[in-house]
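First to last, the sequence lines map onto chains Y and Z. Under the numbering used here, think of the first position of the first sequence as 733, with each following residue one higher. Under the numbering used here, think of the first position of the second sequence as 0, with each following residue one higher.
Any given hint could turn out to be false.
Facing chain Z, a subset of chain Y residues (Cβ under 7 Å, in silico) [as the list claims (entries may be wrong)]:
id : residue
1  : Gly761
2  : Thr923
3  : Arg924
4  : Asp964
5  : Arg1007
6  : Phe1199
7  : Ser1202
8  : Gly1203
9  : Leu1205
10 : Ala1208
11 : Ala1214
For the record, the hints were derived by calculation from the structure and aren't laboratory data. We put the CB at the ideal spot given by N, CA and C, even for glycine.
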Amino acid sequence: MKAQHSSRPRSTFDGPSISAGTLAWLAVGVAFAALRIGPVLNAPVAGAELEHLSGAWQASIGNADARLIPTLFQSLTALSFLFTTSELPARVTALVATATIPFAIYGMRPVLGNAGALVSLVLLALDPFGILLGGTATAMGFDLAITAWLAMVVLRRADLRWGWVGAGFLVATAGPLPLLFCGAWAAASLTRGVRRPTASTGLLLTGFVLGVVFATARLGAGLDGLVVPPIDLIAASANDAWATAKTVDLVALYGLPLLLPGLAALLWRLREWYRTAETPPESRTLMAWLAITGGWLVFSLADNSPLPAAALALPLALLLGPAVARLVGAAGRAEWRLAGLLLAGAAIFGGIALAYALDWARLEKVGNAADQFRVAGFAALMVAILVVIALRRETRAALAVPGLAAGLALLLAVSFASAIPGEEPLTSPYAPEQARALRDAAIAIRERDGGVIQVHPSLKEATTWPFRDSGDLFLASRHDPAAAVVIWPAELPPPAGLQRLEGNWALTRKVQTPTNRVLQGVHWLFDRNTLAVRPQPVAVYTRAKP
Amino acid sequence: MSVIAFWAVAMLVGGLALPIAFVLFRRMPDAGAGLAFPLGLVLVGYGYFILRVATVLPQGRGGYLVAIALLALVSCAVAGRDRRFASTFRRSVPALLTVSGLFGMLFFAFTAFRSFTPEIGGTEQPMDLMYLNATLQSPDYPPTDPWLAGEEASYYYFGYLQIGVLTAAANVPTSVGYNLGLAYTFAAAGTAIASLAYAMARRILGSRGQRWAVWAGGLAVALLLFTGSLAAIFEWGAAHGEANAAAYRAFDMDWRISCDLDEREYCYDGPAGDRTDAWYPTEFFWWFSLTRIVPGTISEFPLFSFILGDLHPHVMAIPLVLLAVGLAMAVWQGRSRLSLGSHRRPWFGLLLGLVFGALAFQNAWDVITFSGLLALAVLARNARTGGLRRALRDSALFLGPPALVGIAAYLPWYAGFSSQAEGIFPYIGAGSLPTHAFLHFGPVLVGTAVLFAWAFKATDRRALADFATISLWAPLVPFFVWLLVTTGRGELQDAIDGRGGGGWVTLAVFAAGAWAAATATLSLTAGRRAAAPVAAVAAAALLLLYGSELFYVGDVFDSVPRLNTVFKLSYQAWILLSLGGAVAIAVALEGAARRRAWSGWLAVPAVLVAAGGMLFALFAIPNRTDGFEGETAIDGLAYLARTDPGEYALTRWMSENVDPGDVIIEASGRTWRRGQDGRLAVTDAGSDYTDSGRISARTGLATPIGWYFHEVQWRGQSAANRAEFTRRQDLVDGIYLAEDVSAVAAKMREAGARYLVVGRAEQTRYPTETLERLDGVLDVAFESGNVRLYRLPEREVVTTS
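Isolated chain Z (complex conformation) (with noise of 0.2 Å):
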């Protein structure tokens, strides 16, 4: 009922949104249909959000109904003053039946998949929940931050606050919400790539092609979501004691290889021979290894996201990114010249300011990269009819009041967000690979190679030419500054010395791609052809991967600088990937089967490449659920209720019988043992990725400190931060060490706590002679097997006259 109840809230913003998207994205053969998913939550978000911080909505599921109820006035309205609604919906029928369609398969194919592997528990798991609990617990709005009481979150938390409405309007519990809203966006991503390059192919192939058309549609599904790294193939080799040593070596796989005798480094040091009982790889979580391959940073990409199960903001961000990527193709499309003037109607600056500007709120790297293909569709449009000084200014002036709203619309989320990003850095370091680049990103990658063998037939020579010397300023550019300022740095030689020769070889391929791709886009766009965004997009996902190679966003992780930034563009470029490719691959093929093209056959190595690419979805999905054997179940929690009985009932009864406003007290996450000396000592320190702040993260109470390392990524690393940090765990720790059980309460008092969790985690991590001395001081307010819940006494006269 949980799983139906989501399904039909996401299906009602996504239809309350369908005016909307008819007015935005009528050009489109499914008037955006695909596209309402994001577009109603990100708009329902925005409303519950704002009108939260304004006191007009309380904390609880009705102000969710409010938002949502709100969505559906501004439908309204958008419909009564849209003659060309009745029309558009006629029209729309059979796409609305299909974008239905294939939202509900996705959606309940992925619950079901879910369904065998729920828990919440690994890796970042319980961050997430902890997040989403917080958007839907937090007493006050900005909300929160669970994991440092008293303090107001400081994270791009907007996916969370989506999946809250969607999981308060079902009336599901949050550690069901957690894995619907998965599910949610899978199916929300699928709808809006089909959506997106159906529209694109049938822009490029007119009606005779739709039947191609579809066929994007459906490669561009594939693509994203069921398509993964090469290097599963080599892992399933290896697993079956066939793996072919040279070729291993070759593509720099042979660390999968089971280890010599005398060798143990960048090799597989588990037992020889066969490691697998099945005919998938069965080892622990062996797909996880492969998003690491590239030293020094994660490669992930869509499908292992969604394997994994962690509910991140990059993840959540998919669908609105392809509707920002969908705006801006709706901007190109048209036909008017985009001034300051078309603000004499406001509505779709305003809608453009809060799409983008909701890009920064739900995941800040995506912001810049999005915001910048708007404007290039906007510059595009205008250059059209007009010089290209002219259209500059014109689409700076028109961009500018939706820039604008994009920031005053999330001042309140801005006034509280402390970004942990210090500068922009050239990296000095080894460079990727060009055989894991191609193993990670080849699946992807091929069908933009698909594209410039037809992308360029119709241009003329000479003129293409003249486009190829100005777009090689693409690559050019970012290279120079980067050769400029480690010269200036006096590190041009590590960095020439430091990124190895296959590190100048991917980034040359990179930038050959990049050249390739710009050119396209300008010979396209100058020739008005349909194919010009389908190269824009390409372009795009090749200069992020190319300058990802080039430069870093420095923040807290200096031993590894460039992991975010790499993992973080290279995700963007991944989704763009998908959307090019799979229009270029549509594209060629119908080629092939009309006219025989030559280029067309390309597209044939193309598929089997990105065919090689989905094995890794064939061998990892029945790895993460064991075959699908065992129990299924949606509660992310489930398991716990197995495992220990007595938190899971003390985590349901605080969820039900705590206010939201109560600050809890339970394990910092540091360990302390007696020394021989009978003193007490720290004898591990580590707090994140452990059950620090567990009860917190389930509830949305807050705790005066949870994953400290974390709160140092979301605050920064100043030394007062980590003062603080510090201080708040010693306070913590010191309430359970207390020598002197009197000083408890008043320690809680210190705390601003009125509640103190006593269960497995704190009977591990602290002498239990004090706990045991508890009951003298505090009042015990639940009880189950070996799990306490104490409260402060009470103390209070009041008048009832």
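Same shape as in the complex, but just chain Y (with noise of 0.2 Å):
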């Protein structure tokens, strides 16, 4: 041992050493976690963290609501209004929890291999869908992580002995994203002939029936049937309003990076079984991981919720880091000589079409028929290029660079529109900080006049979120002498004998979609102030004064 060691050539450096792997997976996990810390301080409360929050309130408060879907992640939402009134320690909670999938996806490296694993974690890290779901408080705040977690010690075999109890507690009292992996696992694992239930099954059945249990108890909110919550989760999903936007608009505003690779990398893996006929079981929960999430998100693109495209990225990345690497490997074995110079032409020609297509996209119209045809023409030569470099087999492999370039920045185009949150369809409808504003002037009016805030039953679950913890409120569809302050639908005549209280107030904003498609979504790619944000109008009325 000691002549090995002293046959090695002397570090100049005595310190500590860390390989540049080990660096690179320390970073991506820095990165991972660091796009999460927007949404959990400034991401506005909106879609589904906005229905989820009014639950959890409503239920640390005593009341009766539908909102409320006992999850463990929303009873401990749940538990901390009984200290605050804020949504940060559980958005912080989600967040910490999230923050253990890289660690997941490193214990994935035997899988997917090294470097197949650390794509993985990039892809997650930048999926916009995820950042959204992991640093914010919905009901699924725990839901990316226990899957990663579930995903890890499947994919590799592992034994949990009593652990499963536990897992299975946590899928029944997680939203959908653990049952759809545990589907597609009892999927791949039945379709592979297993003809006896294994003890870990019965274990993870007996902590979901457990699981199961401890939801129908509704945090002591009285018993109504039983409630499986992933189950609820999958039904709200599909009638609730999580989002302005339709599902597939989202998939189209956000999920394309993600989606298309990995459609294509599905193909690949596709033909492959088909070449070889060897089906490992990893190979077959993930593809039966895919087929359930993505039927999930094929049946839900008419609904109005991002969370089936959040289940989907998690098996995508999956499948796409393993293949992203390999692609990369690929590439460096290129001809690169001949392929950069034709390369750059192509990114030259490519460069000017999109020049002009920006430009469309900036003023949300096609440019005259002289402009059309430089652009038909210029994209047609870079695709003549990119022929010519397919067509040659030592240089078709480099073609990787740019088809992964071009995914990796619309990717982070996507990812900072989730990270660095704004007025954006993914958080849409949102409560604005002007629905808190308007509760606080409120209560300072009753204070100062006495009486009661009287709000109309229309806009009853609309006030639940901002008007946490304002005493009792008076819902009345008809104006009381009793109220101090009346919040009144907009559309609706003001009630008699009162004056209006200046300001254009609104209890929820709605982010638009872009509506001429392709061109203003290139447009909002790049500008994200392009959408229009449709207010829901309140009218606030007061007592006149003598």
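Two chains, two frames, some hints: make the complex.
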């Protein structure tokens, strides 16, 4: 040992060394967590989070509310409201759980390969749906973390022994994502002809039953039949408006950079399967997972929920990671002298065409015939060069580089849209700061003038979150003389004898999706402030001064 | 897009059921691919039903998706355990492609037809829409009855639930799902019968007869879905003024000839001469009257049902009924003895229980007939390997557990279902005329006649005589029972006289047919011949026709006692005769083509008569679609958007904004007017087949009372029921007629209602002075044109900390 040691070249740095690979893992892990800090601190309370925080708040003060779906996370959120009125502790809890995902992915290296796992983590870090889900306080706050850890355990064929009970409990008290993974795992196992349930299956089911019992107790809010939160949340994702935009629009705006290469990787994997006729259990599970989450997304395209897209992102990233790593490796072996020249040419022509297209997108109008001809010409030249590269065996692999670069650029664009919260379709409808300001103003008037705060019943749900911790509210569809402040739908005639409080008040705001889809969508990609925001206006009335 | 989505979901559900179909129907040439659609849908439907009852699944679309995912898991388990799955799949690829193509063709063809006449408005269609909405919108399960707020639905609604699965998963409105549900039923029925007929013919003819087996499949589809009454030919002639009075009289069709000057009864009293300006009869709904030619009953057939477009249980049940026939055939084809020990692997028994139990839940009339067919198949299989006594014992032991499952699995439904059946009674009245029976059943009965031409050929004469003696009891026993009961009731003479000469002839023909078919079944079964199921199917059909001439199930229709019995049993017979007849004709034609067998040539006139029945489709379809002219749509409420946009907007608004558990008040159906003395009085009390309960039907929201007499049909005609229904009508009318509007809110609370509708129906049925004063006491929740939706004023203190 000594001789060996002495034969190595002496390092000039005597301190603790760290490999480039470890550094990369550390950097991506830190970036993974860092990208989620923005939503934790600044994202508006929107969509599913608005609904679930409202439900948790109601549970914390003992009000029965259908928006309470007692996942473990929502239960903890309700618990946190015993100490605070802020959503921040719940969001931090979600972030802490989500921040463990890099460790789970790190644990998948034996299955995905070191580079593949690392790339998978990069993709997960940049997934805009995952960024939002992991940094906000929806009832599904633990979903990504539980699913990732479960996937790690299953794909590595690890045995948790009694830990399976805990896993089952977590699956039953989480949102849909872990249950979908379990469904895929079961489907993959069943198609392999697994005949007898193993002890671990029994323990998992025991934990699941315990979780259902926990959820059925509904935090002491009274029994109302069996409650299986993941199933209730699948239903809520279909029935409720967790986003202003349709799921298909959300996928078009935020999901394509992951979805399109993911589909290509899927086809590639299926081709390999067909050729080798070998189906290792890990591949089966991953494919079944993709099939289930993909199927859910297809069935949900007309709904208003980002959750199915978030569900699909996880298996897609695990599929894409190794594929991208292989692609990068292959690209390194390409004949770069020729390929580089050709790619530079393609980049120039493509860049010119793109410049025109971006200008059209800025104006949201296609240019004149001459411009269109130019763009078509440059695009054709670019395509021709790419075809030439593709046709030559020694340069073909180099095509991966522009493909990956374009994909990464798009992914970064949509990731930062999610990580740096603004007025985004992904976080719409949301409760604006102004809604809380309205609550403060109403309380001030009530304290000054006496009486009650009256709210129209149609605004009941919209006021739950911004008007939390405001004492008693009087809900009535007809003006009550005891009301000091009346919050009324703007479209209804004003109550007699009251005066309107100045200001454009709104309890929620909705960010519109691009209407002229392609051009407005491209415009939105490089200028986030192009989309219209529509408030749900309310009128505020106070007693007329004598 | 809605059409494609619905079709894709149907394909998905059928596809997911394939591994299970492979295991059940592996001996069939297509390995059960043609039966996978009803199999998948019944399993998803049951899963959804039972998990909703257990409150595991919540209301809404997501629950349906979970139920479909569960079927996928079950299929994975079955495929994983089935060692022959891959080989069966590879062998079935051509069949899968054929079945998919046939399903798609029938689905899209029917959708195209229906798009010319998509309205959900006439006959009992509002009721069908109501039940479809009830299964989708009900906040609790078993679903509540939207036309009797607060009460569980008391009807066999499983068909609606299954169409609801496709509607919800495809994310289409129910008014679209209704029409596409009809298209699905049409296509699933077609693929199922084609699959069965092909399998039966292939088994008889062997691989050399594949071409003729394909013909059998095609002919079965044609007989089931495109064939109707021969009376259409008479209608066509009469419409063109070319009626030969003697011929019409010979077939008792003279009621379609224009009346003479001094004649007004049993003749057409419209204008004489041509009554059409097209090549087909254009008189409104002429084809409807041809299903009412047998006095005192309805004689429908599937083609009529699909042209009419009522999404009734007996229509939606066709694919399930064919699945049940397929299972019976699969049981018959098996080799090992079936007994209690066969349930050591419980899956097959469980599945039998679920499917045959579903027959009662989907259309209660089917469960006895097709369970009987299954029992016969089990008995025939067991009789091959032992004596009759042992076969009987083992069969009973084998069928016991599935029967228990079939009842236990649907207990939540049975608990809320009150049957209107009052017992089985001997029929005393005019029998069906042989001419009418021929016109109606001729096109499907002739195939059975062809069966008799070849079924007995290989049987020894002495053995045949023995079989004939035994099977004579099949028609004799029911007849003796009928004779005994009518004698006991002192009604024998009335029964003999009342039936009439024609009625006795029809009875005798059906009895002879049933006897011959039963003899064929026995002889073919004993000879272990592949044609035995064909004969058994024909025998069952003829016994149904024969039995419904002798007995009826008593119900609320006292004035037309056998209406439902003949209607429902002859419908089953039509399905069976389509199947058996198609196979019999194809086998006979193969004999004629290959061996110049004389019996084969008998098939030629049979085909001609069947083709005559297909003229019904040729003449009635253009009539129903106004010659395929006019606008097309697939939304069954699109007509409402044109004729009453305000009410259409109200319907859509309520579907999206009103909580499924809320009760609404709308017109009870009774019309009120002020008399000369100034007092309000009911001028029209009929609520059934009117716009009573219309909003409830279109949205699934509950209202205190909908169609009064239909509730009587579903719940029985007890004094208590009638009193309760009348009380509800009074309560609703009291709200609209309140002199003191301040009492309106209290009355609404008494009815448990939150909303009150004022639309065209309310404005025409109640004096308008009260309606105009409602503004003072209720909030306006929605308004469009002359339509208003009122809501009870709300007052509530909520705590926020």
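Taking the hints in turn, this is what the structure says about them:
At a threshold of 7 Å, the smallest CB-CB gap from Y/Gly761 to chain Z is about 34 Å, leaving the interface hint violated. Annotation: Y/Thr923 was flagged as interfacial toward chain Z, and the flag holds, the nearest CB pair being 4 Å apart, inside 7 Å. Taking 7 Å as the C-beta contact cut-off toward chain Z, the hint placing Y/Arg924 at the interface holds, the least distance being around 6 Å. Nearest Cβ of chain Z to the Cβ of Y/Asp964: about 5 Å, under the 7 Å cut. The hint holds.
Checking Y/Arg1007 against chain Z by beta carbon gives a least distance of about 17 Å; that is not within 7 Å, so the hint is violated. Taking 7 Å as the C-beta cut-off, the interface hint given for Y/Phe1199 holds, the closest approach to chain Z being about 5 Å. Among the interface hints, the one on Y/Ser1202 holds; its C-beta lies about 5 Å from the nearest C-beta in chain Z, closer than the 7 Å criterion. Hint on Y/Gly1203 holds. Least Cβ distance to chain Z is approximately 6 Å, under the 7 Å limit.
Because the beta carbon of Y/Leu1205 sits about 5 Å from the nearest beta carbon in chain Z, less than 7 Å, this interface hint is met. The beta carbon of Y/Ala1208 is positioned within 7 Å of a beta carbon in chain Z (closest approach about 5 Å), and the interface hint is therefore held. Interface hint at Y/Ala1214: violated, since its Cβ lies 11 Å from the closest Cβ of chain Z, which is beyond the 7 Å cut-off.
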